[in-house]
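Undergrad: Sequence:
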Amino acid sequence: MKPLVYLLLAAGLFAVTGGAQTNPPNPIMTTNPTEIADFGGGCFWCMEAVFIRLPGVKSVISGFAGGHTENPTYEQVCTETTGHAEVTEIQFDPAKISYAKLLEVFWQAHDPTTLNRQGADEGTSYRSIILYRNEKQKLFAEKSKIEAQANFRNPIVTEIAPLKKFYPAEDYHQEYYEHNSGAPYCQVVITPKLEKLEKKHVIAAEPQTGQ
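Taking the numbering used here, the leading residue of the sequence shown gets 63, the next gets one more, and so forth.
There may be inaccurate statements among the hints.
Unchecked claim - No more than 27 Å apart at the CA atoms, straight line, and that leaves these computed lysine-lysine pairs for DSSO-like:
#, residue 1, residue 2
1, 205, 158
2, 120, 255
3, 205, 227
4, 258, 163
5, 158, 262
6, 255, 207
7, 261, 120
8, 198, 120
9, 120, 226
10, 207, 261
Claimed, not checked - What follows is a set of in silico ranges between Cβ atoms, one per label pair, in the way DEER data are often shown:
#, residue 1, residue 2, range
11, 244, 95, 31 to 41 Å
12, 247, 177, 19 to 29 Å
13, 201, 250, 32 to 42 Å
14, 230, 178, 18 to 28 Å
15, 157, 250, 34 to 44 Å
16, 247, 196, 31 to 41 Å
17, 175, 200, 19 to 29 Å
These aren't lab readings, by the way, just hints derived from the structure by calculation. On a predicted model such as this, the values are computed, not experimentally measured, just so you know. Don't be surprised by glycine CBs; every beta carbon is placed ideally from N, CA and C.
Please model the entire structure based on the sequences and the hints provided.
TA: What follows is the structure, given as structure tokens:
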């Protein structure tokens, strides 16, 4: 007959801790969490090109949110009848860049004082908007908006609203600037914006996503 201690060990009922059974470590642990921010600041081609140049940002998706039409197309949104704004869904690592920091860049990446317009792009689809996913993001957005006002002569008109649903835009809109940097709109609007932010050390010169 085997000794009692051996039988207990074989049954997993005895431990060096004095006989108490210990739980194995949880094999499913989040070591690289991802959070999401949703901003609209005019043409999503511009905003996407800005935010993919921030270290800590994992991906940026151009799309639509803030309206009432389900599964809208770009053509529908352009009619200004869907209620949607052009927005970017920004997936980021909070250990490398904070939501508060993303908000700081947001205020510098566009003019939040022009109602339903950014430059020559005019309409509600080009409105300045922050769509929050939880109460924490809402509080950060409201606080950031108050603080940002000190940097603008005119009142900030940015809308702060809960995100109901985000709809990705068509494939050809994704990473538009990276694939079409020579296009007239990119040369006239996006490139100068990126150069300005780069000189101010707000963004990096090249996309940082996936790094």
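Undergrad: Which of the listed hints are broken here?
TA: Of the numbered hints, all hold.
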